[in-house]
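Undergrad: Each chain, written out:
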Amino acid sequence: MITIFINDAMKQVEQGASLTKVLEQYSLENDIQLAAIAVAINNCVAPRATWHTTQCQANDKLELFSVVAGG
Amino acid sequence: MLTIADHQFQSRLFTGTGKFAQSDLMLAAIAASESQLVTLAVKRLDLNTGSDNILQPLRDSGVKLLPNTAGARNVKEAIFAAHLAKEMLGTNWVKLEIHPDPKYLMPDPIETLEAARILCEQGYVVLPYVHADPVLCRRLEEVGCAAVMPLGSPIGSNQGLATETFLKIIIEQANVPVIVDAGIGAPSQATHAMELGADAVLVNTAIASSADPVAMGHCFAQAVNTGRQAYLAGLGAVSHQAHNTSPLTGFLNE
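Chains as they are written, first to last, in this note's numbering: chain A, 17 to 87; chain B, 32 to 285.
Only chain A is shown next, with the shape it has when bound in the complex (with noise of 0.2 Å):
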């Protein structure tokens, strides 16, 4: 196991995880809408295309970010 960093909080995930897995295990817990939202690795945006070909490294640093309203 390895620790990533989900939006500033440590997670636990198997070495060599996808992002996809990781992030579909993070959405089942906690009820997110993959669909909806963003994810920044270290503080370049992942585009969706490449979820499935990257693989989290020890203390990756991940942000989801969504759309919310506003002007």
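Calculated directly from the structure, the hints in this document are not laboratory data.
You may find that some hints are simply not true.
Which residues of chain B face chain A? A partial, calculated answer using Cβ under 8 Å [claimed, not checked]:
#	residue
1	THR70
2	LEU71
3	LEU76
4	HIS114
5	TYR135
6	ASN235
Model, not experiment: these values are computed from the prediction.
Note that CB positions come from ideal geometry on N, CA and C, so glycine has one too.
Got chain A sorted already, so can you dock chain B onto it with the hints?
TA: This is chain B only, laid out in the frame that chain A set:
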């Protein structure tokens, strides 16, 4: 018909989605306003507050979504927000706004111009929110912005067209649509902006903070339409002196 980039709009009223008491009220007010373009913001997911769940109903309503970069304080943050929004919404349209000062929310012209240049190069349809600065608006047009969005007065202030003199110059010079954004607090002010020749206005607070947002949305729809029709009809000339509209001596035999 208003055309921005390759997209046509029948309504010249754009609306923001912020500050409404409830999502249902926001959706009803937007429907009443007949707006076809609405703004949204990008925010880091907060598990404690949950999501607004506004995206799907907005998509279902058929309006075009315009994500903004509010919260960005510089070029880098604005580009990051635009990239996130594109991932989330699948749109390359972005309302570019960079206002580091939280008190007056004045847009930073230097950061905005540079971010606009980069985002245009990356293929984004950029609609920058700026002060009513005619020189800056020309520069933004030169770097490829699809429209310019000069402010009437500070965001959310409902002060109306404090920048009228400069809006007139921007409208006269622009070769891209001019959308008066921010500060429009009453339908009469929206009418006035349209009478000046603005291509569209963006309204949020005036509708959202009304006691009856749905009725106010409808009022703004009428106001924008009236202002546009008046502009097309052509306003009469303004004169310092009086000019009689009736014969003054016809029945007195003087």
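Undergrad: Check each numbered hint against the structure and report the violated ones by number, ascending.
TA: Number 5 only.
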